[in-house]
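Each chain, letter by letter, is given below.
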Amino acid sequence: MGKQRVRSEKARPSPPPQSLRLVAPVWNGGTSGIRGLSRSVDPEGSQRKGRTLLQFLADRFYDVEAVREYLLQKQVLKVLQRNRSFTYIKERYGPYVAGAYFILKQGGAVKFQDKEWMWPDGRGLSGELWKLREVPVEAVDASGCAINYQGLDNLLALKELQSLSLQCCPHVDDWCLSRLHQLANSLRELSLAGCPRISERGLACLHHLQNLRRLDISHLPAVSNPGLVQILVEEMLPNCEVLGADWAQGLKLGPEEQSRDTASSPIPA
Amino acid sequence: MLRRALRLGLGPGLLGRGLGTHREGSTLDWHGKVSEIKKTIQSILPGGAWSPLCDTSHLPPEHSDVVIVGGGVLGLSVAYWLKRLEKRQGAIRVLVVERDHTYSQASTVLSVGGIRQQFSLPENIQLSLFSVEFLRNINEYLAVVDDPPLDLQFNPSGYLFLASEEGATIMENNVKVQRQEGAKVCLMSPEQLQKRFPWISTEGVALASYGLENEGWFDPWCLLQGLRRKVQSMGVLFCHGEVTRFVSSSNHMETAIGEEVTLRRIHEVHVKMDHSQEYQPVECAIVVNAAGAWSGRIAELAGIGKGPSGTLQGTKLPVEPRKRYVYLWHCPQGPGLEAPLVADPSGAYFRREGLGNNYLGGCSPAEEEEPDPGNLEVDHDFFQEKVWPHLARRVPAFETLKVRRAWAGYYDYNTFDQNGVVGPHPLVVNMYFATGFSGHGLQQAPAVGRAVAEVMLEGQFQTINLSPFLFSRFYLGEKAQEHCII
Chain F
1 MGKQRVRSEK ARPSPPPQSL RLVAPVWNGG TSGIRGLSRS VDPEGSQRKG
51 RTLLQFLADR FYDVEAVREY LLQKQVLKVL QRNRSFTYIK ERYGPYVAGA
101 YFILKQGGAV KFQDKEWMWP DGRGLSGELW KLREVPVEAV DASGCAINYQ
151 GLDNLLALKE LQSLSLQCCP HVDDWCLSRL HQLANSLREL SLAGCPRISE
201 RGLACLHHLQ NLRRLDISHL PAVSNPGLVQ ILVEEMLPNC EVLGADWAQG
251 LKLGPEEQSR DTASSPIPA
Chain D
1 MLRRALRLGL GPGLLGRGLG THREGSTLDW HGKVSEIKKT IQSILPGGAW
51 SPLCDTSHLP PEHSDVVIVG GGVLGLSVAY WLKRLEKRQG AIRVLVVERD
101 HTYSQASTVL SVGGIRQQFS LPENIQLSLF SVEFLRNINE YLAVVDDPPL
151 DLQFNPSGYL FLASEEGATI MENNVKVQRQ EGAKVCLMSP EQLQKRFPWI
201 STEGVALASY GLENEGWFDP WCLLQGLRRK VQSMGVLFCH GEVTRFVSSS
251 NHMETAIGEE VTLRRIHEVH VKMDHSQEYQ PVECAIVVNA AGAWSGRIAE
301 LAGIGKGPSG TLQGTKLPVE PRKRYVYLWH CPQGPGLEAP LVADPSGAYF
351 RREGLGNNYL GGCSPAEEEE PDPGNLEVDH DFFQEKVWPH LARRVPAFET
401 LKVRRAWAGY YDYNTFDQNG VVGPHPLVVN MYFATGFSGH GLQQAPAVGR
451 AVAEVMLEGQ FQTINLSPFL FSRFYLGEKA QEHCII
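First to last, the protein sequences are chains F and D.
Note that the UniProt record's numbering numbers the first sequence so that position 182 is 182, with each residue one more than the last.
Note that the UniProt record's numbering numbers the second sequence so that position 179 is 179, with each residue one more than the last.
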C-alpha cells in the first residue's frame, strides 16, 4: 500500500435518521444487497470483528476504501459477465439454441419441444444442442441462477416458452418482471417462489400474462402483505391458479378470539 | 484576550461565575463542557477550520469552484455528475446551497413521482430513457460503501394516455417517435382497452397509448436522500442558506459584425444564513441555477432580463412557480393492482397508491384558473368541481370515493413552452441553468444532471443533445413545445 493519507473528519456522513426509509424493512435477508456483497468479500476470518476493523480502516484511509470499492465493483461485474448475451451463437444457431445455451451455462435446465429435459453436464451440452436449431424451447427451469435484467434478453427471445421457473433467483427483481410481457402469448406457467427482490409492485406487471394458468408466488420476503397480495393477484388474473400465501396469513386476531386469549391468562392484581 | 479564548472552549459563564458554583456542582454540565473543549482543540489542530476571532464553522467556504443554487433533485444530480465526470478525483470543489433543509416546499418531494417516456420531443424521450436506466441501476450509481442499498419502491405499472377524436392523430405520431427512440409503447383501440381494463369507461376515447416497460412511479424522497448521501461521500459541500446577491463584472465587447455586446461574469455569490443577517461571500467560477420554482428570482439577481424588452439583455428567464394540487382518496371498489397511471383527455390523472384501494390524482387547471402561488394551501373545491367529475366519468367506480388527504406543490413552470432550460446563458457567461421542467423535472433529473455537467466540463453536450433547450430560444422565439394531447 502506498502513502496513506489521513482524511479530515468531515467527509464521512452521519447515518440517515430512522424516519428516512431507504430500505424496505422487510428484506434484511442480507445476501442480495451491497452490504451482503461487502460481507462476502470480507477477507478477515471472524466476520463481526473483521468487518468493523475494515470499516474503521476504510473510514480513515482512502486506499482501503478504494480497495473495498474495487472489490465490490468486481462482484457486480461478475454478475454482469454471467449475463452477457451470446450474439455469435444467436446468429449461427438461432434464438432457441442461444437461449438454451445461456440457461445451461447458468446452471439451469431446458426442455425443447418433444424432447426430454436437458441438464448442464458436459455431454448433453456438446452434441445434441447444436442440432436443435428449429425446435422451439418449451420450458425453462432457471432456479437459483444468477439471471438479471440484461440476461433476461436471452429468455425473451424464446417466443414459444410455456413454462418458466425463476425460483430463488437472487437478482430477479420488479424490473425483470416488467419485461415478461413479451412472453404473454405463450406463457402458461410461472414460478417466482423465494425470489428475495420481488415485491407486490413487480407482481402488478404480471397482468399482461393473460394466458397464464399457474402462478407460484409463495415465500416472497419482500412482499409486504402476502395474504392481501394473493387476493389482489387472483383478482387481476381470473383464469390463473395462484399458489402463494394462505389468505388468512398475517390477519390479526378478531375481537372474540382476543377476549378469549385475555380471559385465559390471569389478570395481575 | 486569553479569557475570551478560554471562554470559547469552556462555555460562557464558567469563569465568570467563579469557583463558588463549581463547589456546589449543581449546574455544572461536565460532559457538555468536555465535548466543547474537544471540539475547540480539534478545530485548532491542522486540518480544522479554526478562525481565532470567531467561529465560522456554520458558514460556507470562502472559495468554491461551482456553486449550485438549490439542493433539490436537479441540483444534486448536477453535483453528482460533476464529481463523477471530473478528470481527476477532487479536481472540482462543489458547493450546494439550499435554504430549506426540511424540503418543505421543494417540488421534488411533493411530486407524484411518475416517470414516463410518452413525450413528443425526441430529446425528452431520450432524457427519460436514460433516467429510467439510472433508476434501475441506482445501487450501482449511488453505492456508498457500508451503507444499505436504496429501495426506490418503483412500480413498473406504466402510463395510460387516453385520446379523444381530435387528439388521436397527434397521439399516433407521438407513439411513432417514441418507438423510434426506443420506448416500449403500444396503441390500443377502445375495445382492446375495455378488455384489458374492465373498470374503465371508454366513452369519448378514440385511442389509447400504454407504456409497457420503463414507466411507472417511484419514491422521490428516496432518490433525493440517495443522491444526498452519495454526493456527500464524494466530497460535495452543503450549505444551509439563501443566495441574496451576485457580484459580477461586465466586459464590453464587439461581435464579428461590429455589434456591441456586454458580457457579464459572476465573481461572488452572497449566501445569507438562516435566521440571521450574517452572510458569506463565496468566490466562485461557475453558478448553476437549479432553484426550481424560484429560478426566476435567482436569474433576476444575476441581472438576466434587465434591459430593453425585445433584446437579448431584456429576455427574462420565463420560469415561475405554479401551484398544483394532489389529492389522495379511498375508493373501495376501485381499480385493482394492475391500474397504471391513467391520464384522461380532460387533463385529470390518477394512479394507485399502495394496496388498500387508495388513489392519488389531480388535474392541471386551465390558464385562467391558476391558483395563487403565494402559499401551499389546498383548495378542496377544486377537486369537487374540476377533478371528480372527470374521474367519475372515466372510472364509474370513482363515483363513490372519499378524499383522505391533499397537498399542494409547485411546478417550476416555464411559461414559454413548458419544457426545461438547460445550459449556459449567452450573456452571463458563467451561469448555467437546470430548471423550468414544468412538472417533469424529477423524471428527467439524472439525465439533465449529466447533460449540464457535460456542458460545464467539455463545453458541449456529449450524450444527449439538448440544444433545443438552451436559453437562447427565448430570445429567438423558437418554441420546443410538447404536442401532448393533454
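Derived by calculation from the structure, the hints in this document are not laboratory data.
Owing to the predicted nature of the structure, the values given are computational and were not obtained by experimental measurement.
Check before you lean on any hint, since a few could be wrong.
[As the list claims (entries may be wrong)] Once the Cα atoms are required to be at most 25 Å apart in a straight line, the calculated BS3-like pairs of lysine-lysine come out as: (1) F:K74 - D:K184; (2) F:K111 - F:K131; (3) D:K87 - F:K159; (4) D:K87 - F:K90; (5) D:K195 - D:K176; (6) D:K195 - F:K159.
How the hints compare with the structure:
1. Proximity of K74 (chain F) to K184 (chain D) is assessed by CA-CA distance (about 32 Å); at most 25 Å being required, the pair is judged violated.
2. For the hint linking K111 (chain F) to K131 (chain F), the alpha-carbon distance of about 14 Å falls within 25 Å, and the restraint holds.
3. For the given pair, K87 (chain D) sits about 46 Å from K159 (chain F) by alpha-carbon distance, which is inconsistent with the 25 Å threshold.
4. Distance check on the hinted pair: K87 (chain D) and K90 (chain F) sit about 39 Å apart at the alpha-carbon level, beyond 25 Å; violated.
5. With a C-alpha separation of about 24 Å, the suggested pairing of K195 (chain D) with K176 (chain D) holds against the 25 Å cut-off.
6. Distance hint between K195 (chain D) and K159 (chain F) is fulfilled; the C-alpha atoms sit about 23 Å from each other, no more than 25 Å.
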